[in-house]
Each structure stands twice: as structure tokens, then as C-alpha cells.
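For this one, chain A is given, so just place chain B on it according to the hints.
Protein chains: 2
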Amino acid sequence: MAKELKDLTKADDNYSQWYNDLVIKAGLAENSAVRGCMVIKPYGYAIWEKMQAVLDKMFKDTGHENAYFPLFIPKSFFSKEASHVEGFAKECAVVTHYRLMNDPDGKGVVVDPDAKLEEELIVRPTSETIIWNTYKGWIQSYRDLPILCNQWANVVRWEMRTRLFLRTAEFLWQEGHTAHATREEAQEETLKMIHVYEKFAQEWMAMPVVVGHKSPNERFAGAEDTLCIEAMMQDGKALQSGTSHFLGQNFSKAFDVKYLDKEGKLEYVWASSWGVSTRLMGALIMAHSDNNGLVLPPKLAPIQVVLIPIYKGEEQLATMVERLEKIAAELRGRGISVKIDGRDNVRSGFKFAEYELKGIPVRLALGPRDMENDTIELARRDTLTKEVVPQAGLPERVEKLLDEIQENIYKKALDFRNSMVTPVDTWEQFQEVLDTKGGFISAHWDGTPETEIAIKEATKATIRCIPLDATPEDGVCVFSGKPSKQRVLFARSY
Amino acid sequence: MAKELKDLTKADDNYSQWYNDLVIKAGLAENSAVRGCMVIKPYGYAIWEKMQAVLDKMFKDTGHENAYFPLFIPKSFFSKEASHVEGFAKECAVVTHYRLMNDPDGKGVVVDPDAKLEEELIVRPTSETIIWNTYKGWIQSYRDLPILCNQWANVVRWEMRTRLFLRTAEFLWQEGHTAHATREEAQEETLKMIHVYEKFAQEWMAMPVVVGHKSPNERFAGAEDTLCIEAMMQDGKALQSGTSHFLGQNFSKAFDVKYLDKEGKLEYVWASSWGVSTRLMGALIMAHSDNNGLVLPPKLAPIQVVLIPIYKGEEQLATMVERLEKIAAELRGRGISVKIDGRDNVRSGFKFAEYELKGIPVRLALGPRDMENDTIELARRDTLTKEVVPQAGLPERVEKLLDEIQENIYKKALDFRNSMVTPVDTWEQFQEVLDTKGGFISAHWDGTPETEIAIKEATKATIRCIPLDATPEDGVCVFSGKPSKQRVLFARSY
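First to last, the protein sequences are chains A and B. Sequential numbering from 15 applies to the first sequence in the working numbering. Sequential numbering from 15 applies to the second sequence in the working numbering.
One or more of the hints may lead you astray.
The list makes no distinction among identical chains, and a pair is therefore deemed to hold if it is satisfied within one copy or across any two copies.
Stated by the list, open to error - Computed cross-link-like contacts, DSS-like style, restricted to lysine-lysine with a CA-CA straight-line distance of at most 30 Å: (1) Lys130 - Lys104; (2) Lys499 - Lys326; (3) Lys326 - Lys340; (4) Lys267 - Lys496; (5) Lys150 - Lys64; (6) Lys206 - Lys313; (7) Lys372 - Lys353; (8) Lys425 - Lys372; (9) Lys474 - Lys451; (10) Lys130 - Lys94; (11) Lys313 - Lys400; (12) Lys213 - Lys353; (13) Lys130 - Lys279; (14) Lys206 - Lys94; (15) Lys121 - Lys150; (16) Lys353 - Lys150; (17) Lys365 - Lys150; (18) Lys340 - Lys353; (19) Lys150 - Lys372; (20) Lys276 - Lys372; (21) Lys64 - Lys206; (22) Lys313 - Lys74.
Rather than coming from a laboratory, the hints here were simulated on the basis of the structure.
For reference, chain A alone in the conformation it holds in the complex (with noise of 0.2 Å):
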């Protein structure tokens, strides 16, 4: 650990080579045997569980259920819904047989070729297909409608260049899959979940995110429209955190799932579907981290706060931990997750940076003379200031302080953020901005494709989104010259 401490990469010197540091380093994952498949380890499995049950407390709380499709897809079900299939049904895992045997040459095992299957199977990519296919035996009724379904899942898109977290061949997600008797109905329950979104980057990942549209050219294979959350990382570049799609009519007329409305009338149902992954946890350590490490938003942090003992000797580290192990029992009494370090093979120094690199929002380290005064030292990880305090009245300020410590990373980001968001109106400046600031441009498009996929390719920057909040305001195209009605953001992004 020694060694990993001292081998983290500056974020200036090479943001991506730290970014990469960053996640082995501080154990949250690691790369796999599987090409572009990752390990999630314990560190970061703990933080993504606790994305996960607050994400699933907000779907419960919005009237979704849970529920499990399989993980195979019929590779006919994706020619059903024809600009789904081009979105997705090219880069994936295909199942092709379902036997191995002993190499008849006595090395290993082969695939049997008598085991092939009639028609392959797609390890999914995504679940509208089949969940489409189910949704019709659901239904008959507008009341069987609506289905408010979700499903914590894996998936796999077979991505040639791979980054832990931000883009892997497998990865982790949940996909809700909706199904409604109006288009308004679908609609309403799209932005509902965007919106909850927004509400866990903000309230519990401490990040700043926009909500809007996406352009058409950016919008999901098979919907009609598609809403985002897009955040800003710290070297300037933004990452799409979450997604919720309106899918229309075009999931139920691939899949011929009718309802009987109220009059007796057969009408196709309407859908919406919304995903996050673990794309989060990249999210999560470039927003916040720095030289030293990780920076964990404490409402997120596996554990809150740790204990660390500075000690001479084995009599001295028996008493002290004693006092912080009651110290760890207050704190543990206001719902506080602690971890008492009394590890007698490393020192303090070391133990120190190694919280640094794990996130831990606040260090609480016990001196001799702090046994003497009652005092104990007192470190935030977000500010890397630290003071000696009394231990009366600790577990307070402890619990105070953890919210003070989530709203200033949250305002940390929010600054930054704003500050990244740049208003252009001509070319050069687009051109100028884009590469010595980076960062959200905001600027004027004629609302093509064209004009959109010319920019990208002069600049690698694409729409992020259409913000929700935009407030309407005539202008000209920043490329075309073309009137506009609305500024958009560009970025390049993760």
C-alpha cells in the first residue's frame, strides 16, 4: 500500500492516468480476465450498494415494483423495432451453442458442434425486447395498466475501448420498464424519472447535473424522445449519468400489446423506460476527487468516519482503542458508520493516506495528550483541514458536520460547474472555448442533424442536451448562421 500510495498520478499531469490510479488504487475495481470486463471490489462494491438502495427506495416510493427478465434475448426480438436494432443489436455477445466437450485431442475442452442452437441468443444489451414480449401476456385490460416494473440487472455491449466504471463490456444497471394507457400517461412518468435522477445526483452524489432532451441524433435507438442528466467532470469534459426515454407506441407495435380502453376500443399501449449504471461510480470519483484521492459525499461513504489511535506502544494502543471504541459506539448510536483502525504493523502517517485515498469524510485521531485533555483531532477529507476538539459533545459535531461536509462538496461542484458553462456566439469562440476551457458551451443551433454532425466532427463536442429550464431566446445558429429559438450545450464528453 506503501508504494500504491506513492505511485498516484497528479490529475494535471494526466487526469485519465489518475482517473485510472484512482479506481485500483483505492480498491474500488480492477480490470478482469474478460476483456473489458471489470472485478467491482468489496471498497467499491459498498459504495455502489449504497446507490443502489437508495435508488430503489426512490422507484418504491414512486409506485415500482421490482422484477427479473432473462438475460438472453432471442436475436429475432431485435429486428422487431427497426432503429432498435441498429442502436443495438451490433456490438454484443452472442450465444451460439450451449455444449462443450473433451478435445478429442485430450487438451482441454472444445465447443461441440453438434450443440448449436436453432437460433442464437444476445447476452442483452438492454431489455425493451423482451420485456415487450412478457408486457403482451400482461395485458389485456386498460386495467392491467399501468405496469410499473424495474430490474437491478447486468448487461453486456461489446465496447472495443474500455474504461473502468465509465465504459466496460459488462456493467451493472437498473432499467425501469413502463407501460401506459395515454401518451400524456408516459410522458409524465418519463420526466417523473428523470427528475428522480436528478434529485439522488444532487441531494446524495453531491452533483450538479442539467436536465434536458437529448437532440434526435443523440436520442435512444427506439425512442421518441430521450431525457438526460449531464454532469461535469473536473477536467472539463461532461458525462451523461442517467437516462429516461419516451418510447411512444413503437415497443408495443413491434410486440402487438393491444389494450381494451374503457369505451371497448383496442389501442396499442405506450411506453417509457429509464436506466443508471455504474457508470455512477466514475461519475461520483471525477466529480469530486482530488491529488490525495477520492472524495466521497458522506450519504454515500461505506464508512463515514474512522478512528485512528497514535499510540507508543502495546499498553498505550489497548487503552486508547478502548476509548474509541466508545466513542465508535456513540457514533454508531446516531446512525453513523465508523471503523476503528488499530492495526499495530503500519503507521499512523501511512494509515493517514490511506483513509485519503478511500474517501473516509472525517478522521478522528487520538493522541496521548488528547487522552490527557479529553481532545481528540478531528480531520476533514474534503478540505484536508483538521483542529482538536473535546470529546464532550463529539458525536454532535461529528453528525453536523458530515452534512456540512456533503453541502460544501455539493457547492464545491456547483461552482465549478457553473463556472464551466460558457456562452458563445460565434464559431472561433465555440472553436476557442472548446479548447483551452472546455467545459458546457452553450450556444445557438438550427436544430438539424447536419449541422449537428458537422460540429462533431470539426470538434469532437456533441449536444449534451436541450435544457429543460432554457429559457427561449432568438438567436442564429453558431455554425450555420441559421436562426435558432433556444441555446443548447455542447461538450465533449465521457
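Using the frame of chain A, we list chain B on its own:
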């Protein structure tokens, strides 16, 4: 639903059809478009989630952490552990390609022959190989041990004959994988976890189980010892409900995982693995249910109490629902999960039948006379009895009743299970008991695989386990007449 309720097969007529009907009509699961893969419906998944939450807490309370390992396993990994490959690398889903392309003939999509993987990937049937390949990077010295990881995941075993929950191609499970410095520690872990499963089965599922060793024939492929919990279903067949394996150094040797001990010597690491799956859903259903439907133990019931107004006219419905809301709030205050069914489009009798089918432990029905007398009708699902009780003191009464039902269900299952353990001393008796009564047969066995196989071929019964708590007893093998030191449990099984 009315039609569905009527059509539930009687358990005595056809147990297997009764089971299948029940799973489908109670809305627990259904078959999907993918052969052998099921859809777990919201009500079934809600029960599984309750199981997961309890088990997850038990694992964490015993020091385990969750992590996540890849869905895919390189084919060559299976060949590294000799007996493991025999057991697991045969009937499995094989990924051979990573891309589809538009059919040159213009009909949908086809596998792109240029996108063939160099090495095929197997969809994990269990994860020992990929996990031990990962642990190699995590373990250097005794200070890195023990590793106590669990993962919640989906796995795939290509079964030819599938049954909802009991045997499906894809199923959900948890798999614990631990690494230890010594044989003793790994064996202790193996034993500890089978007792966690035993406690879960008995205290939460209200299902008595026998804990024992598997015979060498029935061991996990790659294990030195397999411990199991075996439950008795109402039709006299046994169901293996959980297993915990002592893996010795088999996987550490296959993947070359060594650690430096305190004396500076390199040693191979010792291992255990343990798991339970959605098969537990099948066990839960078959342990308690009856011809009216599911009987759920209150501790795992997603809805513990249903409240139904027996009303005439809309106005009365509103008043009654108001009263029921008050009662529901009081019940919720005690942590009881409740549902009020105020639907006005189905009759009360229909609702009663529906909640019996779904196994809701307690039903409260409020009629006009109850409104006058401040009483309510209380019915319990396990005994199908009902009584009119005062509304005063109802929350305490219901809370106590739920505990009583949990106990009663367990006691009933225990009495049944005990009645289904038959000691036999001759081969004739063995066959007769098996064909007439079924259940567990407690008999002497000479300890050889040959005898076990011969008995299986003659009767389809296998050794379910060699009970941990069996008392040594000299005898002769019921089949071979050779000497034996202990009785073992035989049964036909799921």
C-alpha cells in the same frame, strides 16, 4: 383471475401440476420466450428480495463483504481444475462471437463471421475459476487473509428439463468465496455458513432442514467436502436447499495462489464456497402451500395483512376505507406491511380467494355490522380459520398472531418432516417405504460409491446427506450387507 382461481390443480391429483399452476396463478414467475429461462414477476421477486435482504445481513454480520465478478469465464479456465471441468463445463451457454450484421439477404440480422472470439467465453455456471484467478492478484501474505467475499449474481446451466424456480437455465443466486491461511479456518467457515443457511431456512422460511455431508458421489465438482441443508417437500421428495463446500487447496493450486506465512514460507491458500439460489422459492412454495394456494411465512410475506371492506354502495365504501386506513396506519406503525383492497369492480369473495392464492398471512374484513360494533373479521391463511374480534387492541393482536402463524407453519412442517423420516433395515423395506410413503429413509450404507450408484439405479433414490448429528451405530448396509457405522438419509429428490 376468477377463471385462474378455479383452475388451480389439486395437490393430491397432480403435485407437479399443482406446483406449476400455483407459481403461475399466484403471479410468482412464468416461462419466457427463451427456453429454460424464467421471468420472475413482481410478487415473486418481492419474496426473493426479502430473502436476499435477510441473507445479506446474515453474511455481513458474519464478516463478509459483497463484490462483483465477470459474467463470462474464458473457456480455458475450466480445464484448470480437473474435476470442476467435468461437473461444470459441459452444459453451458457458449459465447463465440461479438457482433451481428445486417443479413446480406435483407432479412434482419445475422452473426458476423469476422467477429469470432479467439477464445470462447462461457456464461458462468459458478464462479470459482474466475474468482480464484482474481484472488491470485489480491493475496501475497498472511496479512491479506482471510478474504470473505460474496456476490449476488445470475448464473446459467443449460438444463434440458426445466421447472420454474426449481431448475432453470438461468437462475439468481449468491455465491460466497473465501480464502484462508489454514485448512482448519476454511473448514470452520464451511461449517459456519451451512449453519447460517440452516438458521435462515428454519427461522425465516419456517422450513426444517437436515444438515449433513454429501456423499463423495454428490459432492460439488472440485470440493473435498460438501455440506448441505436438505428439506422435505409435501409430496415426500427431498429438496437440496443450500450447499457449502470445503474446496481444500484445489483451486489455489489450479490458479497458483500462494501466500507468505508468518515464517516466510510460501503456502497454497485454502478455500470455501457456498450458495443458495432462487430454488429456495420453489422450496418455500412446496413446504407450506395447499389447494387454496400459497401459504407464506409472515417473515417473508411481502404483504402480511390485507384489509378488505365488505360494503354496499359507494358511500359506505368510502367510510369503510377511511376506517381501514386508520387501522392500516396503526399496523404500519408496528412495522407490519399491509394492503387495503378497495377495488369496486370485483366482489369480496373474489378478493378473499385471490389473497388466499397469494398466501397473505392475515386477512381483515370490515362489514356493516363491524362498523356498528367496532369489530372486524380476522382470518388466518395457515389454518383458514376466522373470528370476529374488537378493533380495540387489534395491532397488538395482529402482531402476536403473525408470530404465532410463523411458529405454527414451522411446527406443522417439522411434524410432517419428522413423520417422513423412516428407519429401515432391509432392502425390501427400503423399496416398499420409498414407493408407498416416500420421504427420508434412514438406512445403513457401506460407504462405497458403487452401492450408492446401484441403489440410485434401482430406485432413483440418492443419499441426500450423512447428517451431522447422526449417532454412531453399528449395522449392515441395507443393499450390500457389508458393515456400516452410521445411518444416512436416502430419498428421491428434486
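Using 30 Å as the alpha-carbon threshold, which applies to Lys130 and Lys104: within, between, both, or neither?
Both: 21 Å inside a copy, 13 Å across copies.
First find the shortest C-alpha distance between Lys340 and Lys353 inside one copy, then the shortest across copies, and answer within, between, both or neither for a cut-off of 30 Å.
Answer is within: at 12 Å inside a copy they meet the 30 Å cutoff, but 43 Å across does not.
Is the C-alpha distance from Lys267 to Lys496 at most 30 Å within one copy, between copies, in both cases, or in neither?
neither (37 Å within a copy, 69 Å between copies)
Pop the pair Lys326 and Lys340 into one bin, within, between, both or neither, using alpha-carbon distances up to 30 Å.
Answer is within: at 20 Å inside a copy they meet the 30 Å cutoff, but 61 Å across does not.
Regarding Lys372 and Lys353, is the shortest C-alpha distance of 30 Å or less found within a copy, between copies, in both, or in neither?
within (13 Å within a copy, 43 Å between copies)
Status of Lys353 relative to Lys213 across identical chains (alpha carbons, at most 30 Å)
both (29 Å within a copy, 28 Å between copies)
When no copy is specified for Lys130 and Lys279, does a C-alpha distance of 30 Å or less occur within a copy, between copies, both, or neither?
Close neither inside one copy (44 Å) nor across copies (49 Å); limit 30 Å.
Cα distance capped at 30 Å. Does Lys313 pair with Lys400 within a copy, between copies, both, or neither?
within (21 Å within a copy, 47 Å between copies)
Identical-chain pair category, Lys206 with Lys94, by Cα at 30 Å:
Classified as within; 28 Å inside a copy, 51 Å across copies.
First find the shortest C-alpha distance between Lys150 and Lys64 inside one copy, then the shortest across copies, and answer within, between, both or neither for a cut-off of 30 Å.
between (34 Å within a copy, 28 Å between copies)
How do Lys130 and Lys94 come out at 30 Å by Cα distance, when the copy is not named: within, between, both, or neither?
Both: 23 Å inside a copy, 25 Å across copies.
As a check of your reading, is Lys313 near Lys74 (CA-CA no more than 30 Å) within one copy, between copies, both or neither?
Close inside one copy (20 Å) and across copies (20 Å); limit 30 Å.
Comparing the model with each numbered hint stated earlier shows that hints 2, 4 and 13 do not hold.
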